[in-house]
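Got chain A; can you put chain B on it based on the hints?
There are 2 protein chains.
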Amino acid sequence: MRPAFYISDGTAITSEVFGHALLSLFPMTFEHHTISFVETLEKAEEAKAKINAASKRTGQKALVFHTFVNPEIRKIIDSCDGVIYNFLEHFVSPLEKELNIAATPKAHRTHSIQENSYDYRIDAVNYALANDDGSNVNNYADADIILVGVSRSGKTPTSLYLALQYGVKAANYPFTEDDMEDLKLPEFLKPHKKKIFGLTIDADRLMDIRDNRMANSKYSSARQCRMELREVEKLYKKEKLPYVNTTKFSVEEITAKILAEKGLQRHKY
Amino acid sequence: MRPAFYISDGTAITSEVFGHALLSLFPMTFEHHTISFVETLEKAEEAKAKINAASKRTGQKALVFHTFVNPEIRKIIDSCDGVIYNFLEHFVSPLEKELNIAATPKAHRTHSIQENSYDYRIDAVNYALANDDGSNVNNYADADIILVGVSRSGKTPTSLYLALQYGVKAANYPFTEDDMEDLKLPEFLKPHKKKIFGLTIDADRLMDIRDNRMANSKYSSARQCRMELREVEKLYKKEKLPYVNTTKFSVEEITAKILAEKGLQRHKY
Chain A
-8 MRPAFYISDG
2 TAITSEVFGH
12 ALLSLFPMTF
22 EHHTISFVET
32 LEKAEEAKAK
42 INAASKRTGQ
52 KALVFHTFVN
62 PEIRKIIDSC
72 DGVIYNFLEH
82 FVSPLEKELN
92 IAATPKAHRT
102 HSIQENSYDY
112 RIDAVNYALA
122 NDDGSNVNNY
132 ADADIILVGV
142 SRSGKTPTSL
152 YLALQYGVKA
162 ANYPFTEDDM
172 EDLKLPEFLK
182 PHKKKIFGLT
192 IDADRLMDIR
202 DNRMANSKYS
212 SARQCRMELR
222 EVEKLYKKEK
232 LPYVNTTKFS
242 VEEITAKILA
252 EKGLQRHKY
Chain B
-8 MRPAFYISDG
2 TAITSEVFGH
12 ALLSLFPMTF
22 EHHTISFVET
32 LEKAEEAKAK
42 INAASKRTGQ
52 KALVFHTFVN
62 PEIRKIIDSC
72 DGVIYNFLEH
82 FVSPLEKELN
92 IAATPKAHRT
102 HSIQENSYDY
112 RIDAVNYALA
122 NDDGSNVNNY
132 ADADIILVGV
142 SRSGKTPTSL
152 YLALQYGVKA
162 ANYPFTEDDM
172 EDLKLPEFLK
182 PHKKKIFGLT
192 IDADRLMDIR
202 DNRMANSKYS
212 SARQCRMELR
222 EVEKLYKKEK
232 LPYVNTTKFS
242 VEEITAKILA
252 EKGLQRHKY
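For the protein sequence lines, the chains are A and B, in the order given. Just so we're aligned: 65 in our numbering is position 74 of the first sequence, and the numbers increase by one with no gaps anywhere. Just so we're aligned: 230 in our numbering is position 239 of the second sequence, and the numbers increase by one with no gaps anywhere.
Where hints are given, some of them may not hold.
DSBU-like, lysine-lysine: derived pairs with alpha carbons at most 35 Å apart [unchecked claim]:
hint, chain 1, residue 1, chain 2, residue 2
1, B, Lys39, A, Lys186
2, B, Lys253, B, Lys239
3, A, Lys52, A, Lys34
4, A, Lys34, B, Lys47
5, B, Lys41, B, Lys52
6, A, Lys239, B, Lys47
7, B, Lys39, A, Lys248
8, A, Lys41, B, Lys231
9, A, Lys175, A, Lys186
10, A, Lys185, A, Lys228
11, B, Lys225, B, Lys185
12, A, Lys88, A, Lys181
13, A, Lys88, B, Lys47
14, A, Lys47, B, Lys66
15, A, Lys248, B, Lys34
16, B, Lys181, B, Lys239
17, B, Lys66, A, Lys248
18, A, Lys52, B, Lys253
19, B, Lys185, A, Lys231
20, A, Lys253, B, Lys52
21, A, Lys209, A, Lys185
Stretches of chain A that chain B covers, calculated by requiring three or more beta carbons in the stretch to come under 8 Å of a beta carbon on chain B [said to hold, decoys possible]:
hint, stretch
22, -1 to 7
23, 15 to 24
24, 48 to 62
25, 235 to 245
Keep in mind that the hints were calculated from the coordinates and are not lab data. For every residue, glycine included, the Cβ atom is placed at its ideal position computed from N, Cα and C.
Next comes chain A alone, as it looks inside the complex (with noise of 0.2 Å):
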């Protein structure tokens, strides 16, 4: 298998999403290495060393996908024995040229605190958290968003991936079977309507899940997933409330979905 690298003297996250972006447009399986925080010409020759080694082994020259900025550091790592790619050099003269200013190579901190986007995050998380699954339904005033839902569709990774990468606080309320006799929006989520979005999942999706949880019970059954996802479905339209099926989708996906739907700004940078 091919290898390829992602390196940076940060969290080389960049690094990956550029390489991946690339990758992922080729039908190969590659061998897939990160290497952060290199960020002296000792870890630099630790990472070239490693990269030779790698091409060595495989008799293929690594893909090397990396954004230094440093000179002196992207030396060592250019003379490794991979094919480098780097995307900064292709876009920054042309970007310093639109601008009419020079980059400042020292700002390069992708993922790094930023305008207190930190603590932004941190209090979206805990009230994520605070408001799980219906825990706190008076809480509702301060939500940027409330996911609903049945039981495993998908409720809580989407608020914490909200809260985690966008500081968006979201509250999430879980249609249980008690609900379903007569399925209505419940009184306190009223007066928060213009915040709700709903999730839905295909029924046979979400037996599997519900099976892993709890094997062979009435939670897990074909009738009873596809009751409750027949009665929220139901409610959604009836009261028009916006939502989305998870099951073909990432938690990324879902979460870029929703914030496009209810027009919200990502607040992460």
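Here is chain B on its own, set in the frame of chain A:
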């Protein structure tokens, strides 16, 4: 303020990371706009209209970062009044040459579900929630990592980030006031010592965070914060536990440092 647009037919996370990495090199502030799920020609026209409106409103050509592979959508976006930066086009053909295989653009879904990574991450989120804050000290055999530290040193957000981004199962255990008189590694942690990673934080920062939570309490006092931090750092050194001071780091950086130090590879891709 110069407008910047991050656009794609998916989550637009790749376009954001690409654009932010570049713009963070410049000592300027920008007006950030993300447009995700531009999957049709109509949506492309809408995005183009937004770019043109922003350029007109600010009197400055918008910077447009995109990753479209669909030629018809791309043509519409590329015909806007903004300045286009598309990193795929610079790197796809060198990579095709190097890999000796043609790119298959339909595979470009960097942030969608792949290789069961979703289940893996959801399992890890459930694990992190069930094993947050010392709530279940008998489950540590299943942990990939166990974070320890005083209250409000960053354990919970870091555990959740490890789970959501990388599918790493992280438990966390707090050292509380009651533990401090003669702080030792609890018996139930000893068998899992290799998985333990310590967090610490500057006393002033800890006081601020705790004071926001419980103002003017013993819990947030300078004396208490300093004492707790002194004791846990003494324990980390005595037990030779790896640890990181979280004060100046984002949750991404803390996570990347932990993965690097423990030699854990990221499971996401």
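Here is how each hint holds up against the structure:
1. For a cut-off of 35 Å, the pair hint linking Lys39 (chain B) to Lys186 (chain A) stands: about 28 Å separates their Cα positions.
2. A distance of roughly 20 Å separates the Cα atoms of Lys253 (chain B) and Lys239 (chain B); the hinted pair therefore holds under the 35 Å criterion.
3. For a cut-off of 35 Å, the pair hint linking Lys52 (chain A) to Lys34 (chain A) stands: about 21 Å separates their Cα positions.
4. A distance of roughly 47 Å separates the Cα atoms of Lys34 (chain A) and Lys47 (chain B); the hinted pair therefore is violated under the 35 Å criterion.
5. Between Lys41 (chain B) and Lys52 (chain B) the CA atoms are separated by roughly 12 Å; this keeps the pair inside 35 Å, and the hint holds.
6. Pair hint Lys239 (chain A) plus Lys47 (chain B) does not hold up; C-alpha atoms about 39 Å apart against a cutoff of 35 Å.
7. Proximity of Lys39 (chain B) to Lys248 (chain A) is assessed by CA-CA distance (about 20 Å); at most 35 Å being required, the pair is judged to hold.
8. Of the pairs offered as hints, the one joining Lys41 (chain A) and Lys231 (chain B) holds, with about 27 Å between alpha carbons and a cut-off of 35 Å not exceeded.
9. Restraint check for Lys175 (chain A) and Lys186 (chain A): the C-alpha separation of about 16 Å stays at or below 35 Å, so the hint holds.
10. Our distance criterion of 35 Å between C-alpha atoms is met by Lys185 (chain A) and Lys228 (chain A), whose separation comes to about 14 Å.
11. Restraint check: the Cα-Cα separation between Lys225 (chain B) and Lys185 (chain B) comes to about 18 Å, which is no more than 35 Å; the hinted pair holds.
12. Annotation: proposed proximity of Lys88 (chain A) to Lys181 (chain A) is violated, straight-line Cα distance about 53 Å (limit 35 Å).
13. Between Lys88 (chain A) and Lys47 (chain B) the CA atoms are separated by roughly 20 Å; this keeps the pair inside 35 Å, and the hint holds.
14. Taking the CA atoms of Lys47 (chain A) and Lys66 (chain B), the gap is near 42 Å; set against the 35 Å cutoff, the hint is violated.
15. Distance restraint check for Lys248 (chain A) and Lys34 (chain B): the Cα-Cα separation of roughly 14 Å lies within the 35 Å cut-off, and the hinted pair is therefore satisfied.
16. A hinted pair counts as satisfied when its Cα atoms are at most 35 Å apart, and Lys181 (chain B) with Lys239 (chain B) qualifies at roughly 30 Å.
17. Only pairs whose Cα atoms come within 35 Å are accepted, and Lys66 (chain B) paired with Lys248 (chain A) is accepted, the gap being roughly 24 Å.
18. About 27 Å separates the Cα atoms of Lys52 (chain A) and Lys253 (chain B), which keeps this hinted pair within 35 Å; it holds.
19. For the suggested pair Lys185 (chain B) and Lys231 (chain A), the alpha carbons sit about 52 Å apart, so the restraint of at most 35 Å is broken.
20. For the suggested pair Lys253 (chain A) and Lys52 (chain B), the alpha carbons sit about 27 Å apart, so the restraint of at most 35 Å is met.
21. This hinted pair checks out: Lys209 (chain A) and Lys185 (chain A) have alpha carbons roughly 33 Å apart, not beyond 35 Å.
22. Against chain B, the stretch -1 to 7 of chain A contributes 6 residues with a C-beta closer than 8 Å to a partner C-beta. That satisfies the three-residue criterion, and the hint holds.
23. Requiring three or more residues with a Cβ within less than 8 Å of a Cβ of chain B, the coverage given for the stretch 15 to 24 of chain A holds, as 7 such residues are present.
24. Only when three residues or more bring their CB closer than 8 Å to a CB of chain B does the claim for the stretch 48 to 62 of chain A stand; here the count is 4, and the claim holds.
25. Residues of the stretch 235 to 245 of chain A lying with their CB closer than 8 Å to a CB of chain B number 6, which satisfies the three-residue condition for coverage.
This entry does not satisfy hints 4, 6, 12, 14, 19, going by the numbered hints stated previously.
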